[in-house]
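**Student:** Keeping the supplied structure of chain A fixed, place chain B upon it in accordance with the hints.
Just so you know, the protein sequences line up as chains A and B, in that order. For the first sequence, our numbering begins at 55 and goes up steadily by one. For the second sequence, our numbering begins at 55 and goes up steadily by one.
Be aware that a few hints might be false.
Identical copies carry no separate label here, and so any pair may be met within one copy or between two of them.
[Stated by the list, open to error] Calculated lysine to any residue pairs in the SDA-like style (CA-CA distance at most 20 angstroms, straight line): (1) K336 to A164; (2) K336 to P317; (3) K112 to A378; (4) K300 to N172; (5) K336 to G295; (6) K336 to G68; (7) K112 to E331; (8) K300 to R130; (9) K300 to R257; (10) K300 to W170; (11) K112 to D345; (12) K300 to Q324; (13) K300 to Y349; (14) K300 to G127.
Calculated directly from the structure, the hints in this document are not laboratory data.
In case you want the letters, here they are:
Protein chains: 2
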Amino acid sequence: MKRTAGDPPTNAPGVLALVEEAIGADLLDAEGILAEELHSADPHVANILQHVSRFRGKRLRPMLLLLTADACGGIRHEHKVLAAVVEMIHVATLVHDDVLDEADTRRHVATVNARWNNETSVLFGDFLFTHSFHLAASLSTTHACRAIGRATNMVCEGELSQIRERGNLDLTEETYFRIIGGKTAELCAVCGELGAHYANAERAVVTAMEDYARSLGLAFQIADDVLDLTGNEWSAGKSLGSDLAKQKLTLPIIRLLATAGEPGVGEIRQLLAHPDEHTREKLAPYLERSDAVQYSVDRALQLAATARRHLECLPDSRSRRILAEIAEFAARRQF
Amino acid sequence: MKRTAGDPPTNAPGVLALVEEAIGADLLDAEGILAEELHSADPHVANILQHVSRFRGKRLRPMLLLLTADACGGIRHEHKVLAAVVEMIHVATLVHDDVLDEADTRRHVATVNARWNNETSVLFGDFLFTHSFHLAASLSTTHACRAIGRATNMVCEGELSQIRERGNLDLTEETYFRIIGGKTAELCAVCGELGAHYANAERAVVTAMEDYARSLGLAFQIADDVLDLTGNEWSAGKSLGSDLAKQKLTLPIIRLLATAGEPGVGEIRQLLAHPDEHTREKLAPYLERSDAVQYSVDRALQLAATARRHLECLPDSRSRRILAEIAEFAARRQF
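So that you can see chain A by itself, here it is in the shape it has in the complex:
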């Protein structure tokens, strides 16, 4: 079979097949809503929308929302609408991230800033943000608007902190976790919350699902940060090493700096302070002599375990078992 740009790598774990079997039809419905919403009478905007639809990703957030719904009592129409909403918000943050990172490709496709320009990216991200709120407001109550407004606001706070801390070689683990808690985990958390809430789960279960998805989001981001440092660009489907280029310290680097003795630590700081296109290779030998990568993977796995514990309040079900597997997958993923 010929590979096309959006295909996951052939070693994609079996969890995706399980997801497909459990909620494949619902994910398709959500995709249908997304596709239907993402049209525009303006041919230019329609053109960009068409381009961006090729950023076909892992659909992690819609999966989380729909599986949580299923595990908490059943998927309703609201869940499918909200799955489209969270994916739209996620794509909006990606489009703006690509401006910030000056990235050229995203899932093997030219970024909006590369294909058009930064102005178009900024406005198109805004277009997606505002459209997602409009769609969320099509539900009968303000619950989703409130939850999504709050979560996306915290995503922005996390990203603003990250920008401010750029170049800070003394970044602490605590601040790192605060940043990724905002920029990544909040949007996951709201997927758990909305999945459970709109399935009429009781309050304690809603909170547990929110906590499950938050822990999973943290694990996912740590794995992403490890990948940026040690991964393969083809299977990741995007430019790597961008954290180093932008002087964003991530968990493996924080650990590396904390544990490397002299003279290594001085050399590493020099490399980090003056990044170039070879920084990733130059750091590799230091990382090999260190426990930094394993330490980070272990933290991700611990968070995955925490996530799984939050599932214990649910009755056993296929969707609950898949949620447990997704947590593990998020921590171990290679793409």
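**Tutor:** Okay, now just chain B, sitting in the frame of chain A:
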């Protein structure tokens, strides 16, 4: 009295005094809500919020919303919340505009991109957008979320069209009006709609108020575009000539090109195609020999007259009279 950065020019028309008298206390309440909402536990974000609060503008949108409410039956708590929401959205679009325009100052204050950087501006604009939606979702129904989501989405479409048309020296009046209809008039229109809707006005009145505010928004933008070409930087409180620098054709330039005969039109096209810091001065003699500025002002005044006609379905009241004056003011304003 010492002038401070945020003061309006001393020739500010008496309409502002009338607004102050009619709804000064309500505007203050809305400002209070805005100030209360725009805080952050993160000291960096709090710092940017503090800085941006100095972009104290004309508060046109909150005024429109509150005066419409008053003219349609009375100002309620929801109106004050929504006045804060629309102002927050407006500031979000300004912050992103300043990135797009590479502007250094805004109301005599350094822009976020100049004071921090573009990344911070993009994310901070997103922070304001998402926060405004969160605040809109604090009301008891989804009506405002839906209306605001839709309007802001059309603002983005208008701005995206504007970017695409940059450098198009053959831009038509029709496309110009479609662009400003999105980027400026929609957010004004939603102020009229929300003001009337939340005052429990009947459907025909709600539509009339939306149309009033849309026409006013168009008049306001034409006046802004004339100002960018002919205004004084101090009284405008921002860098001028940016439309020329960014090769955005506005109504006076479209008219100038349509009416200047050869060889003038060729010279003007040359100036527009290769903008530099003196383009505004170099165009001045061509504008003086043309009716382009007067033509544009006349269009703005016609739109103001249309806006006033939409007020006729309301009973006479102080607020209705002020709304009529604001339409005139929007078209004639010098700042």
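**Student:** So which of the earlier hints does this model not fit?
**Tutor:** 1, 6, 7, 8, 9, 11, 13, 14
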